[in-house]
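Q: Each chain, letter by letter, is given below.
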Amino acid sequence: MALLEVKNLSVSFPTADGTLHVVRDVSFSVEAGDFFGIVGESGSGKSVLVQAILGLVPGAKLSGQALFNGRDLIGLPAEELRRIRGAKISMIFQDPLSSLHPQYTVGQQLVEAITTHQKVPKSEARSRAISMMRKVGIKDAERRADSYPHQFSGGMRQRIMIAMALLLQPELIIADEPTTALDSTVQAQILDLLSSMQRELNTTVIMISHDLSVVSRVASQMMVLYAGTCMELGAADEVFTSPSHPYTARLLAATPSVHNTEHRLRPIDGSLPSLLAPPTGCAFAPRCELADERCRGTLPPLEEHRSGRLAACFHPDTELAAPEPVIARSAGQQEGAPPIISAQGIKLSFSAGSWPHKRQVNVLKGVDLQLFEGETLGLVGESGCGKSTLVRVIAGLLQPQEGSVLVEGQELGAPNTESWKQARHLVQMVFQDPFGSLNPKRRVGSIIADPFMIHTDLRGEQLKSRVRELMDLVGLNPEHYNRFPSEFSGGQRQRIGIARALALKPKVVLFDEPVSALDVSVQAQILNLISDLQRELGLSYIFISHDLSVVRHISDRVAVMDRGQIIELAGAQQLYENPQTDFTKTLLAASARS
Amino acid sequence: MFMFLLKRLGFGLLVLFLLSLFVFLLFFVAPGDPARAIAGDKATEELLAQIRDTLGLNQPLYQQYLDFASRLLHGDLGFSYRSQQPVTELIFDRLPVTMSLVGGAMVLWLLIGIPVGVASARKPGSLRDRIGQSFAMTGISFPTFVLGMILLYTLYSLPAKAGFLLFPPSGYIELAQSPVQWAWHLVLPWITLALVTAAVYARLTRAQMLEVLGEDYIRTARAKGVREQSVIYKHAFRSAMTPLVTQLGIDIGVMLGGVIVIEQVFGLAGVGSLAVQAVQTQDRPVIIGVVLLGGLFVAVANILVDIAYTRLDARVRTA
Amino acid sequence: MSAHTLTPAAATAAPEVKQRSSLRMTVDYLLKDRASLIAASFLVLLVLFALAAPLLAGITGHPANDQFRETGLTPAGVPVGPGTEFWLGADQLGRDVLVRLAYGARVSLIVGVVASLAAASIGIMVGMVAGYFGGKVDTVLSRCIDLVMSVPFLLAALALVSVLGASLPLSVGVIVFFSWTSLARVIRGQVIALRQREFVEAARSLGAGHWGIIFRDILPNLAAPIIIYATLMIPSSIVFEATLSFLGMGIVPPDASWGGMLAEASGNSIYLTAWWLVLFPGLALLFTTLAFNVLGDGLRDALDPRTRRKAK
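Protein chains in written order, with the UniProt record's numbering: chain W, 1 to 594; chain S, 1 to 319; chain B, 1 to 312.
Treat the hints with caution; some may be incorrect.
Stated by the list, open to error - Taking beta-carbon pairs under 7 Å as the criterion, some of the chain B residues facing chain S (in silico):
(1) Val148
(2) Ser150
(3) Leu154
(4) Val163
(5) Ser167
(6) Leu170
Said to hold, decoys possible - Far from chain W by the CB rule (all over 12 Å, computed), these chain B residues:
(7) Arg69
(8) Thr71
(9) Arg185
(10) Leu222
In case anyone wonders, no lab produced these hints; they're calculated from the structure.
We put the beta carbon where it would ideally sit given N, CA and C, even for glycine.
Please construct the entire structure, taking both the sequences and the accompanying hints into account.
A: So, in structure tokens, the structure goes:
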């Protein structure tokens, strides 16, 4: 008998605009000892699916069955479900800081997990908690048990969450995006810990992630969700290497890889269907190149295809068209040409804390960087290494305490000086968050027109037509001129941000994690757009990302930053194949494995 | 953390200093002659001159303020123009009334407001929540004196006219004299003050609890299998408490101003009604005394809040 | 995707579903909210009532400050109750309660609205400047806010009135001085959050000036808290004024104000026999503040989907 058997599960939410169908008719089973992965982009319903089974989603309407050891969890009285939660099934959440109570020590929180379900003396519970902390790799556990969550680093907090989940030796552990909020090196450690604990304690794990490769690395079984429906189900490595469902295949083709830079990414056009009115047929049909009338009209059943894998598709195992090769850029680094941007000895520090604990935090400790015309310079590093601060200095948003930035040989100068204003025409920036970087209260036309309003006399019809040209250039429908940002999807919003950055015809565009907030299928669209624009307009880029494969895909040269300094800078291929510093090696190793 | 409290203490002293400057200047630039106010309209010029001399009114402005401030630091607030009694004595005579009023009402409003707020937040949108919210909405909308007059009319006058006395007429009996009489005389003012203020706490508690109940760590607690009762009180209320304590400090601080109306309606001879009398009779030393006492209350309450805050919030405590 | 991001807004972002504009959604929501509708209707009637004050005086033949000792008082000097001559009764001086109530409504509404608008403007400016520029500017302004909040306002108001003498402008001034702080704090907090949003950085990197950003990018995003807090400021201003008048430090008699009418009723305990002297001004005051508060809450729910989701 399977440990967990989910049959025809649907989850929906009544809202003011209608019913949201978040999970539709999903069935799967998890055998004891499995490491079961659930993969899906945002809106796939993957988190809601597992949390709803455990009664953790208020307001959700459930139908179907979820048999845990043969006992249906759906419709179980709240008290019975509570006894199962934590004792038999435990959970690990994405953000370990917000998931731990800020006002109790980690020791108290671990002890509570035990005393909630078992009648044991506090002292015994505490010693069990401490030994579990040791087991998950927390040094000096005896003393650290009395610390509060904010006194731990992100990785350590996630170890504590894992310790909490393991304390009562549950039969099933559900990890919901356990590594997404962490840096890639820490991410690798946590994944290792999770799989070693699973082997050692012989428990069953369900791990949820948006990242196919992360799941394929640790999971034995894998399920792919899209728009609340199950697309494919089977052995993890097989799904990853030879996907049966076109959605899985397209998802893989859209993911940049550290190893393969020969091919252009193949984005999935279109966007997620509305969960208010899901399609009657296959949910992926509107975006699928193989879709025909049958796909749109009837829901394909989840059937066994090649090698025992289950896929919900009428056209399984179809080979995708071969990807296009990367179009070589004509421009490149020209021998001896002066750099278009040159940063010299940039030092910047913030003062943190308040008197008398005021201290200086050195964010940039003397950085030199040159950008040549027509090239893309990738900038990688872990969070807090200063890469975002560096591009903000180059963009003129922050003023360094020491050092200077030369744009085409001209000193950038202090904000609002004449040279600074001139530099606006040469250097522009695209931001990470497609939701945060557009003013929600202004129409798209007015947002893109902003640079013209500030720097030119262009007004009225002329202005409008320039804005329309820009919208057309980045692949937006110029008709949508009068819409508000909230009416666009994440990818479209990032296009708006790019259009705004291109308005003044700059020579340099700085990208700060432009795709990290986007789903893989949309990310590929934006990456291709960025490459195309560079070729057409002869732009030079500085491109920040924490994702090494994205940087590898797009960059000519790559700089690695660590603790406020550039520690390695080389051609992309050279750096990835022959890293010189230990830090770069660790970084690459972590990303190759995740 | 010690430094933080020291800074807050400094700020409290600054507030008191500015407040003393404010009242001093207010009465200095004000029209009217304090000497005449003391001596009355029929006083002779010689008498007035003599009074001015004793009060130091002929000194330069800064010298007058320094004298005023140094007397303040010695706890000397001067003498009332009317009764010629020391102002400190006048205030301390009446302070027990005001303290009894505020203290009793505070216990009541916390006992009403917080449970109503928690009950509302546990099931938002339910009948219980709607009743709780209607209570709170009416409470925050009720001007204190209107509620006081209505209670006085329905619970005192009407029964009294019908011949039986539910509550005593106005007045104050000392606690030491007779605890029962003390409470009996204060019940109506307590209820009035408590109902109006409990509404604020019910709304604040509800909003805070809803905020906290949406946090990730509440989901973690539920995922651990913690009982709902514990989730609400041990996890959620623990975090919701901090803003409640802040609000309580603010309310205690400004209470001296707040009780003026209640004392007026119920005819209680507390510090508030002393202030009103002083204003009506232009008794400046008394007004200055009461205003400064009010400032002192606020400053002390603020520091107590800060101490409570550092005790309650682990993130501040361990910073 | 976690359950918390499953808002209706996220779902309607999909292109097939027509998105309603935020104004439309607000109006739709308010129209469905019965309490807000009743409150708004009451306020409309109240404004008409205040406007019609001279008309009422004409119809009844009782100018507000005239004393009708023959018709309004019994031979024993007790005021007459509600009836055909005095619809809502007469007061202890034989004046018409209805007419005085209407003139009192004018005072309450004018003080409430004027003081709130002025206080809101100050609060918005101070909050925006403190929040946007941060640093020393913020420290100074925040300390000022703390300072004003630390003053026991009713006592300070009493001291001011005792020195400068009671008058309507002074009442308004005192109310404004002590009520801008809470909005300033809220706005400051919001602006600090907005300032860190990338669209402000984007505007900076395009070369927009500070004031351009404050008025073009930040102010429009503050519409919801401004509307909500300004609405909620009106009832507290009205109560503040009524309290001052009740203590004899607001509107100067014989001019009518609700607080003053209640003070006169309470002063000589006349209301223990003439209940109408308390009931009508008391209810007028209560219902007016209640209506503004209910409307403010309704607006909050309509404008801030976060609280609405929780309320459902």
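Q: Sort out which numbered hints this structure fails and list those numbers smallest first.
A: 1, 5, 6, 10
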